[in-house]
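Protein chains: 2
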Amino acid sequence: MSIILDGKATSNQIKEELAEQVLALKAQGKRPPHLAAVLVGNDGASLTYVGSKVRSCQKIGFESTLIQLEDNITQAELLATIEKLNNDTSLDGFIVQLPLPKHIDEEVVIDAIHPDKDVDGFHPTNFGKMALGMKTFIPATPFGIMELLKRYKLDISGKHAVVIGRSHIVGRPMSILLSNKGNPGNATVTLTHSRTQNLADITKEADIVVSALGVPNFLTADMVKDGAIIIDVGITRVTDANHPKGYVIVGDVHYDQVKEKASYITPVPGGVGPMTIAMLLQNTMLAYTRNAS
Amino acid sequence: MSIILDGKATSNQIKEELAEQVLALKAQGKRPPHLAAVLVGNDGASLTYVGSKVRSCQKIGFESTLIQLEDNITQAELLATIEKLNNDTSLDGFIVQLPLPKHIDEEVVIDAIHPDKDVDGFHPTNFGKMALGMKTFIPATPFGIMELLKRYKLDISGKHAVVIGRSHIVGRPMSILLSNKGNPGNATVTLTHSRTQNLADITKEADIVVSALGVPNFLTADMVKDGAIIIDVGITRVTDANHPKGYVIVGDVHYDQVKEKASYITPVPGGVGPMTIAMLLQNTMLAYTRNAS
Chain A
14 MSIILDGKAT SNQIKEELAE QVLALKAQGK RPPHLAAVLV GNDGASLTYV
64 GSKVRSCQKI GFESTLIQLE DNITQAELLA TIEKLNNDTS LDGFIVQLPL
114 PKHIDEEVVI DAIHPDKDVD GFHPTNFGKM ALGMKTFIPA TPFGIMELLK
164 RYKLDISGKH AVVIGRSHIV GRPMSILLSN KGNPGNATVT LTHSRTQNLA
214 DITKEADIVV SALGVPNFLT ADMVKDGAII IDVGITRVTD ANHPKGYVIV
264 GDVHYDQVKE KASYITPVPG GVGPMTIAML LQNTMLAYTR NAS
Chain B
14 MSIILDGKAT SNQIKEELAE QVLALKAQGK RPPHLAAVLV GNDGASLTYV
64 GSKVRSCQKI GFESTLIQLE DNITQAELLA TIEKLNNDTS LDGFIVQLPL
114 PKHIDEEVVI DAIHPDKDVD GFHPTNFGKM ALGMKTFIPA TPFGIMELLK
164 RYKLDISGKH AVVIGRSHIV GRPMSILLSN KGNPGNATVT LTHSRTQNLA
214 DITKEADIVV SALGVPNFLT ADMVKDGAII IDVGITRVTD ANHPKGYVIV
264 GDVHYDQVKE KASYITPVPG GVGPMTIAML LQNTMLAYTR NAS
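Protein chains in written order, with the working numbering: chain A, 14 to 306; chain B, 14 to 306.
Each hint should be verified, as a subset may be incorrect.
Identical copies look the same in the list; a pair holds intra-copy or inter-copy alike.
Straight-line C-alpha distance at most 30 Å; calculated DSS-like pairs for lysine-lysine [claimed, not checked]:
#, residue 1, residue 2
1, Lys194, Lys72
2, Lys21, Lys272
3, Lys217, Lys194
4, Lys115, Lys148
5, Lys194, Lys166
6, Lys28, Lys217
7, Lys166, Lys39
8, Lys72, Lys148
9, Lys194, Lys115
10, Lys272, Lys238
11, Lys258, Lys43
12, Lys217, Lys97
13, Lys258, Lys97
14, Lys28, Lys166
None of these hints come from the bench; they were simulated from the model.
Only a predicted model underlies this, so the values are computations on that prediction, with no experimental measurement involved.
Next comes chain A alone, as it looks inside the complex (with noise of 0.2 Å):
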């Protein structure tokens, strides 16, 4: 049996403890961080998640924006929005939801965004300040797991990490911070991907397993080794007809099988997603400090 590496009580530790920063701040007479969200079309899965991230500041009291575009808008038009925001003084920090519609190139969007302003940190230049091992705004998810690891204790130095997936949002920085100097960090990552051969040959061999696929129930208990911590980073929703909702989230780990291995394993929901939106208001109460002073 495994212990559960808890991203949903992990997370409202961090928002507890920035909501107080926002109490003291207040106290000392200063206004509180913002942070503004665009979002463009109406895709479900998107206005969720932008939802959640509105809500997550309104419950620690950092103000924000919801900034909502037609699914048609040009790309000129939301570039000319971005400019707005990014010399917007009473804003700290942005994000624009992917993915966009297909009229729109991501990467010249995010390319406008100011760097001080990318709290997603998915401009190239705070990319690079992260890889480099850089003081900068770190992508929400592999930060948020990076914070998991930390709060947990786990001491992953010298050990050896399998990322599966290689997205610029996850598995990338994933494999980057895993093996950086620092606490956590100094493991021997091992980065793997869609044209991976003998996948399972290389997850038995691991210490920690990170999974950034999107498929639901992948990594079964054969690929694991004893042990081993387990990182579920998939949520592909699957239909549910039993469900409210109409669909369930589902993770890319077998989890029923996996946890009878995993020394630590991250449950879906409840595990790596809840961590994310903590780290977006951590990045963005980073922003506001850089900010002020």
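Knowing the structure of chain A, use the given hints to seat chain B on it.
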């Protein structure tokens, strides 16, 4: 017996291609590409490297400028020099030879170089673009290794590559480039370093080993798999009274042993070293092309 990946010959070929491009430019009445190198102090190895870069420029018809500064220059003075180079429109790119004297913060200096002139690819913005798979200046040593793999048509997709060393200028970018989408690319990459446990167990499983450790003759035959591709980035000066220079350059790989097992191998000298210079010139040509367009 293995096939030698001849960096010297490949580098010469790239330089010839660049020389032809310069001739074509001149025939059109255009100025040639222009690279400047800033050297602080009188470190022997640095002098050798910078000298070699300048000579290579001259050989292929690039304009080159060497800026030599005293060891005791202040950081502010160095930053002022960089600012001048950033604004010099007759210049396509420049490098600041590392390492710098201890009283100067390398991170601050690199950050001061305009990303569009950073032909070393060390600036966070360029490093981030590289990590995100965007077109940019790629650090010359890993870029040279990718080019060598490409010109020898070695298919590494899905293969297991092990990189030894996580430096910002070789190991880290190497691990990213090998696993990024592309050809060559798409490898499964394990990045190892000083904290890695059981390194030999890991290298023994590798289809490709890139060693950037700086320990002479470190990688012995028992550490590599039959038929592996071996890339040696090590260039350690080892005292040798019998040699006219008083030292010899020794790689990380125990060449005589490992060449019997490897399928392909880079020699030292004549492997990765010459490729590094060729790719710096290639980056300068890219800067020129962007400048001109």
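Now for the hints, and whether the structure bears them out:
no.: 1; hint: Lys194 with Lys72; verdict: neither (34 Å within a copy, 41 Å between copies)
no.: 2; hint: Lys21 with Lys272; verdict: within (18 Å within a copy, 54 Å between copies)
no.: 3; hint: Lys217 with Lys194; verdict: both (25 Å within a copy, 25 Å between copies)
no.: 4; hint: Lys115 with Lys148; verdict: between (33 Å within a copy, 21 Å between copies)
no.: 5; hint: Lys194 with Lys166; verdict: within (16 Å within a copy, 34 Å between copies)
no.: 6; hint: Lys28 with Lys217; verdict: neither (35 Å within a copy, 46 Å between copies)
no.: 7; hint: Lys166 with Lys39; verdict: neither (32 Å within a copy, 63 Å between copies)
no.: 8; hint: Lys72 with Lys148; verdict: within (27 Å within a copy, 41 Å between copies)
no.: 9; hint: Lys194 with Lys115; verdict: between (38 Å within a copy, 21 Å between copies)
no.: 10; hint: Lys272 with Lys238; verdict: within (11 Å within a copy, 35 Å between copies)
no.: 11; hint: Lys258 with Lys43; verdict: neither (41 Å within a copy, 66 Å between copies)
no.: 12; hint: Lys217 with Lys97; verdict: neither (50 Å within a copy, 54 Å between copies)
no.: 13; hint: Lys258 with Lys97; verdict: neither (37 Å within a copy, 61 Å between copies)
no.: 14; hint: Lys28 with Lys166; verdict: within (19 Å within a copy, 52 Å between copies)
Hints 1, 6, 7, 11, 12 and 13 from the list above are not met by this structure, while the remaining hints are.
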